[in-house]
Amino acid sequence: MNADTLVLELLTHRGIACIAFKQGMNSRVYEIMRQLPGVLYTKTHKRWYVVNDRPGVFNELFKFFNGHKVFVDYSALRKQASPSSMPLVSEAPLGMQREALLQMEQKLTLRGYAGTTAKTYLEQFKHFLKFYPTTAPPDLTEAEITNYLLFLIAQKKASRSTQNQAINAIKFYFEKVLGQERKVYFLERPLKEKKLPVVLNQNEVILLFGAITNLKHSLMLMLIYSAGLRRSELINLRVGDLDMERQVVFIRGGKGRKDRQSLLAKNLEPLLRQYLADYQPRLWLFEGERGEQYSESSLQQIFKRAVAKAGITKEAHLHTLRHSFATHLLESGASTRYIQVLLGHESPKTTEIYTQVTSFSLSKIQSPLDRLEIERGSKTLPE
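Sequential numbering of the sequence shown, starting at 0, is according to numbering that gives the first Met the number 0.
What the hints contain is simulated information worked out from the structure, not anything from laboratory work. Beta carbons: idealized from backbone N, C-alpha and C, even for Gly. One should not assume that every hint holds.
[To be verified] Subject to a maximum C-alpha distance of 25 Å in a straight line, what follows is the list of computed DSS-like cross-link-like pairs (lysine-lysine): (1) Lys182 x Lys156; (2) Lys125 x Lys45; (3) Lys303 x Lys313; (4) Lys194 x Lys313; (5) Lys194 x Lys155; (6) Lys45 x Lys21; (7) Lys215 x Lys170; (8) Lys182 x Lys155; (9) Lys68 x Lys194; (10) Lys170 x Lys129; (11) Lys62 x Lys182; (12) Lys156 x Lys106; (13) Lys106 x Lys155; (14) Lys156 x Lys68; (15) Lys68 x Lys118; (16) Lys62 x Lys155; (17) Lys170 x Lys182; (18) Lys106 x Lys125; (19) Lys21 x Lys68; (20) Lys106 x Lys68; (21) Lys42 x Lys68; (22) Lys175 x Lys125; (23) Lys175 x Lys118.
[Claimed, not checked] Here are the simulated distance ranges between beta carbons: (24) Tyr337 x Ile205: 50 to 58 Å; (25) Ile205 x Ala276: 49 to 57 Å; (26) Gly209 x Leu262: 20 to 28 Å; (27) His126 x Val38: 25 to 33 Å; (28) His316 x Glu59: 43 to 51 Å.
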């Protein structure tokens, strides 16, 4: 349990329905709880509590404690209470949650959200609805939303990325589906991790491609490296998106729903022609068994097996090929502005991270230790 957590319990005191605060809270939460308007103590039950005498008590508690960055754990209420004995929440049929998910899915489609983004939004929104199984989705309050987000941070230890996905999904439902006014949720978040991208050197790239014998599998990974593609961009490629004469790949609706062009390596031409002749894809360049788009999970498995077979020990992922594409271009003298366009980065700051991992710039800098003549005993270190 997170240190700053307050656990709620149902309590009947002298025939009156109450909401009690479980013992065991830390001193900070205790001092905050004592400031709550209307809080009382019962010697009989040895509990602090508030009287549950009106529909808004539950939300008032959320709002008060959320304002002090205290997570309110009300899971015990859901276990203790039945709809008849717990008037502070309304019974919401499962159908209302399904309807909310369907409305959201339709709105995501109408607004042209990419498949991966839409899937993430729906998954995150589904988790949110499960947290409040007895409340109709449109009736969920800002305090309840904030409490769920605090639950993700305090209890689930969700990453910054997952927190943002949850916020964006919830905001989309209330603002785009229900048409409510825009809101900003102020939460203390962990500092964004500033990890450098994992990059394969050119020898490792050669080993990786050499470990694949299947033409289709080999071509998919080579195209990602050749053009610096995201995995969804590769899967969305159509047969007509390759211009072998101009050596260009046309990428439709990349991140931010923007089209762009990138590089098609000349030495891929014979492999491409052989692939098109052997597989004869109709719409999607890389099709599944039934002519549907190739799945991202299958693509990731291909890369994972190739990395293991090639004996690469770095913590490499499919996106590592895109990082390697950018880094190798930078090392060959390409400008960051040119690479930014090829990658489809909106901000040059995103592209500049590759200047920190390129060996080209590091090789031009001499370590200060190399400038010193150091004697150990009577011997000078050899140059």
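Is the straight-line distance between the alpha-carbon of Lys175 and that of Lys118 25 Å or less? 16 Å, holds
Satisfaction of hint between Lys21 and Lys45, Cα-Cα up to 25 Å: 10 Å, holds
Quickly compare the C-alpha distance for Lys68 and Lys194 to 25 Å and report which way the hint goes. 28 Å, violated
Are the Cα positions of Lys175 and Lys125 separated by 25 Å at most? 16 Å, holds
If you draw a straight line from the CA of Lys170 to the CA of Lys129, is it 25 Å or shorter? 17 Å, holds
Would the hint linking Lys125 and Lys45 be met if the CA-CA limit is 25 Å? The given pair, whose Cα atoms are some 38 Å apart, is violated under the 25 Å limit.
With a cut-off of 25 Å on the C-alpha distance, tell me whether Lys106 and Lys125 pass. Within the cut-off at roughly 15 Å; holds.
Given the hint that Lys62 pairs with Lys182, does the C-alpha gap stay at or below 25 Å? 15 Å, holds
Note whether the CB distance of His316 and Glu59 lies within 43 to 51 Å or breaks it. The hinted range 43 to 51 Å holds for His316 and Glu59, with Cβ atoms some 46 Å apart.
Pair hint Lys106 and Lys68, alpha-carbon separation not exceeding 25 Å: Answer violated: Lys106 to Lys68 is near 33 Å, above 25 Å.
Kindly confirm whether 50 to 58 Å is satisfied by the beta carbon distance between Tyr337 and Ile205. 24 Å, violated
Hinted pair Lys62 and Lys155, Cα distance within 25 Å: 21 Å, holds
This entry does not satisfy hints 2, 7, 9, 12, 13, 15, 20, 21, 24, 25, going by the numbered hints stated previously.
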